[in-house]
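Student: Listed in order, the protein sequences are those of chains A and B. Mapping of the first sequence onto the numbering used here: position 30 corresponds to residue 30, and the numbering continues sequentially without gaps. One rule links them: number in the numbering used here = place in the second sequence (from 1) + 1000.
Simulated from the structure, these hints should not be mistaken for lab results. The beta carbon of each residue, even a glycine, is placed where N, CA and C say it ideally should be. There may be inaccurate statements among the hints.
Unchecked claim - Facing chain A, a subset of chain B residues (Cβ under 8 Å, in silico):
id: 1; residue: R1006
id: 2; residue: A1203
id: 3; residue: L1205
id: 4; residue: A1209
id: 5; residue: L1231
Unchecked claim - Label-pair ranges, simulated between beta-carbon atoms:
id: 6; chain 1: A; residue 1: E17; chain 2: B; residue 2: W1140; range: 52 to 58 Å
id: 7; chain 1: A; residue 1: S286; chain 2: B; residue 2: A1195; range: 55 to 61 Å
id: 8; chain 1: B; residue 1: R1114; chain 2: A; residue 2: R224; range: 39 to 45 Å
id: 9; chain 1: A; residue 1: E167; chain 2: B; residue 2: A1211; range: 54 to 60 Å
id: 10; chain 1: B; residue 1: G1096; chain 2: A; residue 2: E17; range: 49 to 55 Å
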Amino acid sequence: MARVELKQVKKSYGSVEVIKGIDLDIQHGEFCVFVGPSGCGKSTLLRMISGLEPISDGDVAIDNEVVNDIAAADRGLAMVFQSYALYPHMSVRQNLSFGLENIGTSKAEIAEKIGQVSKMLQIDMLLDRKPKDLSGGQRQRVAIGRAVVREPRVFLFDEPLSNLDAELRVDMRGEITALHRRLGNTMIYVTHDQVEAMTMADKIAVLRLGELEQFGRPLDLYNRPRNIFVAGFIGSPKMNFIKGTVAEGGASITFDTGETMALPQSGFDYQPGQKVTLGIRPNHVSLVEGGSVSMSVKSVEQLGGESYIYGALKDGTLLTVHLSGQISAEIGEVLTIEGDADEVHLFDTESGLSLRHD
Amino acid sequence: MLALQRKLGVNRLAWAFLLPNLILFGLFAFLPVILNVFYAMTGGDNVLLADRPDVGARNFVTLLDCENYLDVNSCREDKFWRAVWNTVRFVILQVGFMVGFALLTAIILNRDIRARGFFRSVFFFPVLLSPVVVALIWKWILQREGVLNAFLDWTGAGGINWLVDAQWAFGWSVFISVWAHMGFYTLILLAGLQAIPRDVYEAALMDRANAWRTFRRITLPLLAPTMLVVLILALIKGVQTFDEVYAFTGGGPGTATTFIIQYIYEEGFAGAPRLFGLAAAASLLVAGVLVVLTLIQLRISRNNVDG
Ligand SMILES: Nc1ncnc2c1ncn2[C@@H]1O[C@H](COP(=O)(O)OP(=O)(O)OP(=O)(O)O)[C@@H](O)[C@H]1O
Ligand SMILES: [Mg+2]
C-alpha cells in the first residue's frame, strides 16, 4: 500500500514562498495529476515528495510514515523526468539495470526483470542502443522503463510528455494509463495540460501560485468548480464569464451590459445587489432569435461536425459559443444568445468563490 | 569592402585577408622549422648555414648512440639521455599529480561550498604569474635561509637544504610546476563537470546510487573526454617544461633537474662551442614526440564533437 499525504507542506526560496501550505491525501493506487499554469509550483511540490527538494515546513508522509528526513534514495519512489535524464553513456540495458545493481540485485534477476519490462514497453529491440540513437518517444519509454524495473511504491512523473509531438503524446497518454491499470501503483503526474489531466487522472489537484485551488475527481472539478480559477482552467474551450449584479428580488441577474437573465432559484446562495460572475460553458450557450443577450461576432471556426463562434458582448466581454453542426455567421453580425439556466455557475465576483451550496 | 570583393573575387579576397598572418607565420614559424632541419644535418659551430659542413644524419646518430638505453653512462651523448630520462620521470609525476589534484579540486569547487568564487580564483591565480616569478617565489621559500627552513627551525624540526639535495630539488620542481599550472586544468575540468546535466545526477540519486558509484559510473565516464584532453595538453606542456624550473634550480644540483629543453638550450646557446647541429637534431626529436601527442589530441577532440 502506498498512500501519500501532504500536511501543510511549504517551500520558500529565501524570502519567497513558492508553496504556501498544501494539504493533500492521495490514496493507494490512485492516479493523481497536479495541474496548473506555469510557475505555480507543480514541479517543486513533486520534487518535495521525491526528496530531491527539501521541505521548508510541514510533513510528507508515505504509508503513514513521515519521510521528511528520509533521503530521496530511500523513499522507495521512482521519478520520470521531463528531460528523460537518461544516462547518456550507458546503453538502454545499462540504463535499466543501474538502479537494480545499486541495490545489489542478482544478475539473473536483473536480466529477468529487464526482459519483462522491456517487452511490456516495447523497447526490447533497443536494449543495446545508446540514448542518443533513440527517438523522443523511445527515450520516454526507456525513462519509464527505468522507473518500472525498480518496482517503486509510487511513480512520480514531471511533465513526461511535453517534449513529444501531439500525436505521440496522445499515444503515450494511453500507454501510461494502461501501465497504471496494469501495475496498480500510486502515481503522481505533473502536467500543465488540463486535457491530459482530465483524461488520465483519478484525482486532480489544481494548483495556482503555490496554493491548492481544488482537489477532486475530474468530473467533479468540471461540474462543481470551487472558484472562478478552477472553472476557467478545467474544460476546453474555456468557460465564459459574464459579470453582473443580482437584481432586486433575486430572480435575475443584470449584466454590466444592462441585459438581464433569469437565475436558477435553487442550488446557489446569493443576495440581491451582490456583485456576481455568471459562468457558462460554451456548449451551454445557444443562439436564440430574440434571446436576452446580444453578441457581435468576431470570428467563426467551422470544424465540420461542430462550430465555434467567438464574439463580444456590448461591454467587450469575450464569449465563446460551441454548437454542433455547421452554423453560418458573418463577422460583425449581431446575434442574440440564451444560456441554459440549469447549467450556469455563479461566483462571487470579489472573492471568486462559487456560490453553489450542496 | 564590397567593391574590393567584386574586383578581386571572393577567393582572392580571402587570401588578401590571410596574407599578413601567413607572412608572419611563415617568417617566424615555418621558416625556422625548415632552417632547423638544415642545422640538424650540418655540423661545426658556425651560425651561417653556408659555412657549416654537411654531416648527414650524424647528429642524430650521436644523440641516439647508446649501448643500453636504460644506462645513461653507456650513451655517447649522456647529457642528452640524462635530460630525456629526467623529462620522462618529471612528466609522469607532474602530469599524474597535476591531473589528479586538478580533478579533486574541480570536484570540490563544483560543489555548493561557501565562497566558491573566491576559491576558484585562488586556484587559478598562479596560472597568471610569469614562470620566473613562480620560480623566485619558491626559491625564496625554499633556499637555505628561506621561509620554510625558518619555520622548521622554529618548530624545532630543523631545516633541510632543499635545493642542494638532488631528490628534494626534483620533487620540489614537480611540486611548483603542478602548483603553477594546476589552475588551468582545474578550470577545464570544472567546465567539463558543469556540462554534466543536473537531472542525470538526480536520476542517479533516485536510482539509489551512492556517492562512490555515482562518481565511478556517472561522473568519470561523462568527464572522460575532458580528462583525455587535459591529459594530452598537460603532457605536451610537461615535455616543454623549461623556464620555471631553469629559473628555480638552474637544472641542478648536477643534472638532477635538467630537462630536454634545457639540454637543447645549453648545447645550442649557453655553452662553448655552440653545437647548433646537435641542438637542432634534439629539438626535431622532441618536435616529433609533440606532433604525435598533438595528433592524438586533435583526434580526441574531433571524436568528441562527433559523439
Ligand atoms: N531554485 C529556485 N530558487 C528560487 N525560486 C525558484 C527555484 N525553483 C523554482 N522557483 C520558483 O518556484 C515557483 C514554482 O516553480 P516550479 O518549477 O515548481 O513551477 P512549475 O509549476 O513546475 O512550472 P512549469 O509548468 O513551468 O514547469 C516558480 O515561481 C519558480 O520561479
Ligand atoms: Mg515544472
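Student: Would you mind marking each hint as holding or not holding in the structure?
Tutor: Now the hints, each set against the structure:
1. The closest approach between the C-beta of R1006(B) and any C-beta of chain A is roughly 45 Å, which is over the 8 Å cut-off, so the hint fails.
2. Here the hint on A1203(B) is kept, as its CB sits about 4 Å from the closest CB of chain A, short of 8 Å.
3. Given hint, L1205(B) at the interface with chain A, holds; its Cβ is 5 Å from that chain's nearest Cβ, closer than 8 Å.
4. Look at A1209(B): its Cβ gets to within about 5 Å of chain A, closer than 8 Å, so that hint holds up.
5. Hint status for L1231(B): violated, given a least beta-carbon distance of 18 Å to chain A, over 8 Å.
6. The beta-carbon spacing between E17(A) and W1140(B), approximately 56 Å, falls within the hinted interval of 52 to 58 Å.
7. For S286(A) paired with A1195(B), a C-beta distance near 59 Å keeps the hint of 55 to 61 Å intact.
8. At about 52 Å, the CB distance of R1114(B) to R224(A) disagrees with the hint of 39 to 45 Å.
9. Between E167(A) and A1211(B) the CB atoms are about 42 Å apart, so this pair departs from the stated range of 54 to 60 Å.
10. Against the hinted window of 49 to 55 Å, the Cβ-Cβ separation of G1096(B) and E17(A) comes to about 51 Å, which satisfies the hint.
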